[in-house]
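S.K.: What follows is the residue order along each chain.
2 protein chains.
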Amino acid sequence: MKIVIIGGVAGGMSAATRLRRLNEEAEIIVLEKGPYVSFANCGLPYYVAGEIEERSDLLVQTPEQLKARFKLDVRPNSEATKIDPVAKTVEVLSNGETYTVAYDQLLLSPGAKPFIPPIDGLAAAKNVFTLRNVPDVDQIMQFVTKEAPKKAMVIGAGFIGLEMAESLAHRGIAVTVVEKAPHVLPTLDEEMAAYITKELKRNQVEVITGVSATAIEDAGKTVVLENGQHIDTDFILLSVGVQPENSLAIDAGIQTGLRGGIMVDERYETSVKDIYAVGDAILVKQFSTQQDTLISLASPANRQGRQVADVLSGLARKNLGSLGTAIVRVFNKTIASTGLNERQLQLEGTNYQVVHVQGKNHAGYYPNATMIVLKLIFNPKTGEIYGAQAVGEEGVDKRIDSIATAIKGRLTVQDLPELEFTYAPPFGSAKDPVNMAGYAALNLMEGISESIQWHELNQYLVNGAFLLDVRNPGEVANGRFEKAMNIPLDSLRERMAEVPKNQTIIVSCQSGLRSYLAERMLKQNGYQVKNLDGAFSLYETVRPEEVM
Amino acid sequence: MKIVIIGGVAGGMSAATRLRRLNEEAEIIVLEKGPYVSFANCGLPYYVAGEIEERSDLLVQTPEQLKARFKLDVRPNSEATKIDPVAKTVEVLSNGETYTVAYDQLLLSPGAKPFIPPIDGLAAAKNVFTLRNVPDVDQIMQFVTKEAPKKAMVIGAGFIGLEMAESLAHRGIAVTVVEKAPHVLPTLDEEMAAYITKELKRNQVEVITGVSATAIEDAGKTVVLENGQHIDTDFILLSVGVQPENSLAIDAGIQTGLRGGIMVDERYETSVKDIYAVGDAILVKQFSTQQDTLISLASPANRQGRQVADVLSGLARKNLGSLGTAIVRVFNKTIASTGLNERQLQLEGTNYQVVHVQGKNHAGYYPNATMIVLKLIFNPKTGEIYGAQAVGEEGVDKRIDSIATAIKGRLTVQDLPELEFTYAPPFGSAKDPVNMAGYAALNLMEGISESIQWHELNQYLVNGAFLLDVRNPGEVANGRFEKAMNIPLDSLRERMAEVPKNQTIIVSCQSGLRSYLAERMLKQNGYQVKNLDGAFSLYETVRPEEVM
Ligand SMILES: Cc1cc2nc3c(=O)[nH]c(=O)nc-3n(C[C@H](O)[C@H](O)[C@H](O)COP(=O)(O)OP(=O)(O)OC[C@H]3O[C@@H](n4cnc5c(N)ncnc54)[C@H](O)[C@@H]3O)c2cc1C
Ligand SMILES: Cc1cc2nc3c(=O)[nH]c(=O)nc-3n(C[C@H](O)[C@H](O)[C@H](O)COP(=O)(O)OP(=O)(O)OC[C@H]3O[C@@H](n4cnc5c(N)ncnc54)[C@H](O)[C@@H]3O)c2cc1C
Ligand SMILES: CC(C)(COP(=O)(O)OP(=O)(O)OC[C@H]1O[C@@H](n2cnc3c(N)ncnc32)[C@H](O)[C@@H]1OP(=O)(O)O)[C@@H](O)C(=O)NCCC(=O)NCCS
Ligand SMILES: CC(C)(COP(=O)(O)OP(=O)(O)OC[C@H]1O[C@@H](n2cnc3c(N)ncnc32)[C@H](O)[C@@H]1OP(=O)(O)O)[C@@H](O)C(=O)NCCC(=O)NCCS
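Those protein sequence lines, which keep their order, are chains A and B. Here the first sequence is numbered in full-length UniProt numbering, starting from 1 and rising by one per residue. Here the second sequence is numbered in full-length UniProt numbering, starting from 1 and rising by one per residue.
Take the hints with a grain of salt, since some may be wrong.
Since copy identity is lost for identical chains, a pair holds within one copy or between any two.
What the hints assert, rightly or not - DSS-like, lysine-lysine: derived pairs with alpha carbons at most 30 Å apart: (1) K523 / K113; (2) K146 / K360; (3) K146 / K530; (4) K273 / K201; (5) K501 / K180; (6) K431 / K333; (7) K151 / K221; (8) K431 / K360; (9) K360 / K530; (10) K318 / K530; (11) K67 / K126; (12) K360 / K333; (13) K150 / K273; (14) K2 / K431; (15) K180 / K523; (16) K33 / K431; (17) K150 / K318; (18) K126 / K151; (19) K198 / K151.
These aren't lab readings, by the way, just hints derived from the structure by calculation.
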């Protein structure tokens with residue numbers, strides 16, 4: 001049995017090691033076009049920041065180690081240039097020489113490559129970089145240390161773009177981020193991403209959204225935006241997304257689909273017999289919708305690598321799809337998501353409801369508690385959980401991990417209050433934010449509460465609704481809606497007569513909790529009331545220009 | 001509608017506030033025998049430590065706040081002394097006076113009280129404390145600040161006992177912990193608890209297990225143990241567990257069960273009509289076994305309080321049972337558990353299997369990664385997850401929370417590799433320890449690996465098994481089994497002839513990963529092999545006296 005693997009990092013090397021564990025005798029050849037295998041792609045931005053100090057820490061395994069431990073024939077600097085699926089051979093280009101290797105089974109884990117947008121003047125600029133692998137990071141580090149850029153422009157505000165924005169800022173470089181989508185982190189929803197925009201600005205990163213970069217002038221010293229703006233820069237990072245590395249597959253007659261992703265069946269076999277594929281290059285099913293999607297994340301790539309090794313060894317395994325759970329730290333804030341976002345649900349025409357809750361990462365009475373904003377997206381009829389997003393300083397990962405697990409277990413909103421998390425003062429709260437999101441969502445489903453979203457407020461006010469802010473005067477003085485009556489919650493029972501009876505009342509507070517309490521009081525007194533979900537703090541984050 | 005609630009903290013006050021939200025007009029009276037309501041029981045040890053600096057931080061809500069916001073009639077210093085279920089009245093003792101309140105519905109959330117073991121000389125000692133509420137902590141703080149004890153004895157090494165051991169140590173007091181059970185934290189399994197024993201000792205806390213305290217002499221200056229040992233002390237904390245506060249219920253003719261727990265139906269109604277009960281005082285069903293159990297934790301108490309309010313308001317709610325997810329920080333280590341432990345499964349006669357894996361809290365190549373030891377207990381036939389325990393410095397809570405969610409979602413071992421957690425270098429690994437536990441467990445289920453547990457090793461060796469240690473010489477020099485051959489994993493293929501063919505081979509390394517790799521190599525070369533689950537690091541933690 002001779003297995004050839006193309007791509008020696010997350011998916012490819014996970015497959016190779018598992019294959020060896022299952023089959024001591026198989027011949028396993030790993031072809032990697034770059035100089036390194038098994039490196040920590042995900043650590044690259046942290047190396048630029050200087051957080052990961054040693055370059056060698058990025059190299060998780062070397063070919064020598066992999067040979068000693070796993071008897072793998074690992075060949076770096078060896079690019080697979082052609083597959084002959086009939087002869088079952090791969091043509092390899094290594095150090096200028098070409099040779100052919102035969103395979104019984106071939107596995108592709110070639111990953112995804114940075115998308116290069118059509119920007120005029122790109123070729124002439126010597127200060128434009130992308131980041132995918134160790135040679136890329138070497139080039140960046142060389143430029144950054146030699147040329148000591150003062151200003152940097154990051155084009156594309158996805159995960160890698162923002163990690164790099166932070167890393168460059170840590171090096172004392174003034175960073176501008178330009179994003180074509182209406183907000184940073186386009187895979188998250190606008191109001192959640194707004195917390196990150198705020199954090200970027202708080203750290204002197206300039207953020208320009210809804211505009212694309214169209215040209216580079218002066219050999220890279222100027223970036224021209226769609227709106228005509230010219231921005232000076234010394235360094236440009238292109239991070240506008242990735243695309244499946246599919247040329248070899250296409251040449252071999254392998255079928256590709258959506259955005260060029262390699263099509264595979266549940267067993268990871270491509271349309272060509274004995275050729276399998278995993279990782280960033282393949283199309284997978286989104287767990288909830290079962291629609292084709294591309295997911296470029298290390299955890300699915302590693303899992304798929306192991307699974308395909310099992311398949312190749314005759315064990316029964318299936319690709320059950322991916323949720324796309326993702327996280328990024330941006331300065332002192334962390335944002336994470338799992339499952340579907342609002343935009344995806346709208347595209348699918350799915351009816352959904354949203355709730356935002358705020359809760360501390362651990363007991364409020366224990367020192368240094370910080371706030372998490374947790375958004376839950378669900379089916380208001382069945383309680384099915386479509387997705388969740390969270391932002392905060394600490395404990396964001398934990399909450400999204402629990403909800404990701406709940407989604408995979410097909411738990412519903414009704415089950416979230418039942419989840420029993422570890423609780424002691426340094427770790428959580430007796431009612432964890434995840435439980436709380438369940439409570440608040442259930443209240444909506446059961447008609448105990450009605451809410452409107454931040455983006456619906458203005459229309460409600462135009463249509464004659466009355467805005468009631470139940471925070472304390474001290475809080476109101478720190479920031480407020482232009483047109484809102486203020487009655488602190490604890491005086492509302494006495495002062496209820498001041499609230500007009502013939503209008504829809506929108507209640508707001510800081511987080512949505514007290515306004516919910518106000519809603520319940522008012523409702524039971526005959527008012528027509530809706531709670532502004534997420535309340536003032538969310539609104540002022542996503543629409544800072546509209547509040548006072 | 002008039003609702004009287006007995007007990008004004010976790011369960012009782014959660015019920016009261018939810019009741020108000022659902023019913024603006026009901027009369028809601030909360031009777032609390034102590035001077036405070038809504039206080040942070042769980043924060044008390046941290047206040048002793050000085051971590052929570054302000055006593056007022058322990059008081060989450062006051063009667064005045066609860067009146068202003070929730071129109072609750074909260075009566076501290078008011079002990080319910082008698083229930084008349086026929087007249088539907090409660091007799092209340094307050095400031096020396098007795099009066100009667102009538103109820104339509106009565107809710108008991110009286111909690112649990114410290115168990116006082118039969119120790120001779122207890123009454124005569126003036127330096128013996130228990131810890132349940134704010135007056136208790138006031139007494140402790142007064143004694144500790146006035147008498148400046150130099151030595152303290154903590155009798156009972158459960159969660160509260162160990163939190164207090166740490167808190168007292170933080171105050172510079174030399175602490176001895178005595179536990180009757182064979183190991184500290186009797187609700188966890190021995191080898192996991194051993195990591196905490198080690199941490200206690202590392203912090204100069206003396207740990208004595210398998211022995212009970214039988215007498216106190218010299219007015220509290222000496223504690224006498226079962227084995228005759230006399231220990232000097234200045235301060236004694238009794239923390240040998242809690243028992244349901246059930247006297248009022250028993251007097252009222254309410255049925256109790258196992259260890260005095262108040263029996264309730266799925267809707268929290270007791271055997272007496274219109275009397276409901278929640279919290280530490282009631283019997284609940286263990287989620288997996290559906291057996292009666294007592295669980296004294298804040299999260300279930302809060303949830304039950306809210307649920308019973310719904311029941312009392314006519315909403316359909318059911319008590320679905322509890323997992324008993326728990327956590328405690330002990331100096332720099334945290335240990336947590338969910339579901340059933342080995343002892344419980346043995347008592348039930350359930351067939352189970354165990355796997356221990358070690359993984360970093362976040363990517364190893366990102367600075368300051370620390371190790372988590374994760375134990376998974378499961379059904380080797382069906383993959384049902386019975387329970388999990390974890391110990392480490394960081395991220396223990398997250399892993400146990402995910403597994404607790406998985407258990408509630410009835411996910412199995414087969415699903416654990418499929419869980420997609422947030423991954424970026426500061427937060428996790430592409431294969432999280434939870435995924436890894438799933439992989440390792442699946443390997444056992446599918447016969448790819450066979451393991452033995454630490455407590456089985458000696459018997460295997462007595463029966464003629466051969467112990468092979470595949471660590472590197474440097475590691476072996478730092479600590480090793482008395483009788484083991486050492487062949488580093490990376491030389492095993494060449495040196496395999498040195499391994500005897502006619503014996504069962506037990507392989508060990510540091511964590512169990514490399515020995516698993518060795519197991520696979522050897523197995524495929526015709527050896528009969530078993531992996532020592534948890535390997536040397538686990539063994540030396542639980543049996544330090546047996547290794548060299
Ligand atoms: C800067 C950066 C940060 C990231 N951060 C995160 C993160 O925080 N969290 C997360 O989940 N994911 C992160 N990712 C994504 C993650 O690294 C990928 O999802 C994962 O590595 C994909 O695995 P793969 O095996 O499909 O591809 P890769 O790991 O990219 O490996 C593919 C390899 O195939 C080689 N190759 C391609 N074509 C050929 C050929 N013809 N012949 C020989 N070799 C070939 C390539 O050189 C490459 O080394 C990050 C990625 C980058 C670039
Ligand atoms: C020191 C300490 C640390 C803890 N740490 C944790 C932790 O880290 N994590 C965790 O999950 N749990 C912890 N707990 C447990 C948690 O506090 C309880 O599980 C929870 O408070 C139980 O809620 P309850 O409503 O049943 O009882 P309680 O919150 O104890 O409330 C019961 C109240 O009823 C009152 N009462 C009793 N009888 C009468 C009567 N006849 N008349 C009037 N009032 C009466 C009592 O005075 C008491 O205030 C801790 C407990 C203590 C004591
Ligand atoms: C490192 C790399 C080669 C994978 O190696 P691997 O051997 O598959 O993974 P690990 O070293 O974590 O070992 C996992 C194996 O040990 C087993 N294992 C782990 N702990 C164990 C224990 N205590 N007892 C028994 N078995 C154990 C697991 O079951 C698994 O074996 P299996 O797959 O046969 O079930 C590959 O992931 C890689 O190249 N990584 C770097 C690149 C990368 O991932 N980049 C993206 C992220 S930055
Ligand atoms: C504080 C205490 C009185 C409970 O108060 P509570 O009002 O039930 O709880 P919270 O203040 O967290 O509010 C929760 C409510 O707000 C709602 N809510 C929270 N955030 C919301 C938001 N953003 N939007 C809408 N609703 C929200 C929840 O749905 C829930 O309402 P519901 O139960 O009607 O569904 C009680 O827990 C207590 O006494 N605690 C201290 C004692 C204790 O628990 N000790 C043990 C642990 S130390």
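S.K.: Look at each hint and say if it fits the structure.
M.R.: We went through each hint and held it up to the structure:
Taking the closest pair of Cα atoms, K523 and K113 never come within 30 Å of each other, the shortest separation being 55 Å inside a single copy and 40 Å across copies. In the homo-oligomer, the alpha carbons of K146 and K360 never lie at most 30 Å apart, since the shortest distance is 44 Å inside one protomer and 35 Å across protomers. In the homo-oligomer, the alpha carbons of K146 and K530 never lie at most 30 Å apart, since the shortest distance is 58 Å inside one protomer and 55 Å across protomers. Within a single copy, K273 and K201 get their C-alpha atoms no closer than 52 Å, and across copies no closer than 61 Å, so neither meets the 30 Å cut-off.
In the homo-oligomer, the alpha carbons of K501 and K180 never lie at most 30 Å apart, since the shortest distance is 45 Å inside one protomer and 66 Å across protomers. For the homomeric pair K431 and K333, the shortest alpha-carbon distances inside one copy (23 Å) and between copies (24 Å) are both at most 30 Å. With identical chains, the CA atoms of K151 and K221 are at most 30 Å apart within one copy only, with a shortest distance of 10 Å there and 70 Å across copies. Taking the shortest alpha-carbon separations for K431 and K360, both the intra-copy value of 10 Å and the inter-copy value of 28 Å come in at or below 30 Å.
In the homo-oligomer, the alpha carbons of K360 and K530 lie at most 30 Å apart inside one protomer (25 Å), although the nearest pairing across protomers, at 46 Å, exceeds that limit. Proximity of K318 to K530 under the C-alpha cut-off of 30 Å is restricted to the inter-copy arrangement: shortest distance 28 Å between copies versus 46 Å within a copy. In this assembly of identical chains, the alpha carbons of K67 and K126 never lie at most 30 Å apart, being 39 Å within a copy and 69 Å across copies at closest. Proximity of K360 and K333 under a CA criterion of 30 Å is satisfied in both settings, with 14 Å inside one chain copy and 22 Å between copies.
In this homomeric assembly, K150 and K273 never come within 30 Å of each other (Cα to Cα): the closest approach is 53 Å inside a single copy and 76 Å across copies. Proximity of K2 to K431 under the C-alpha cut-off of 30 Å is restricted to the inter-copy arrangement: shortest distance 27 Å between copies versus 55 Å within a copy. For a Cα distance limit of 30 Å, the shortest separation of K180 from K523 qualifies neither inside one copy, at 43 Å, nor across copies, at 56 Å. Taking the shortest Cα distances, K33 and K431 sit within 30 Å of each other only across copies (25 Å), while inside one copy they are farther apart (51 Å).
In this homomeric assembly, K150 and K318 never come within 30 Å of each other (Cα to Cα): the closest approach is 50 Å inside a single copy and 62 Å across copies. In this assembly of identical chains, K126 and K151 lie within 30 Å of each other by CA distance solely inside one copy; the values are 15 Å within and 70 Å between copies. Taking the shortest Cα distances, K198 and K151 sit within 30 Å of each other inside one copy (20 Å), while across copies they are farther apart (51 Å).
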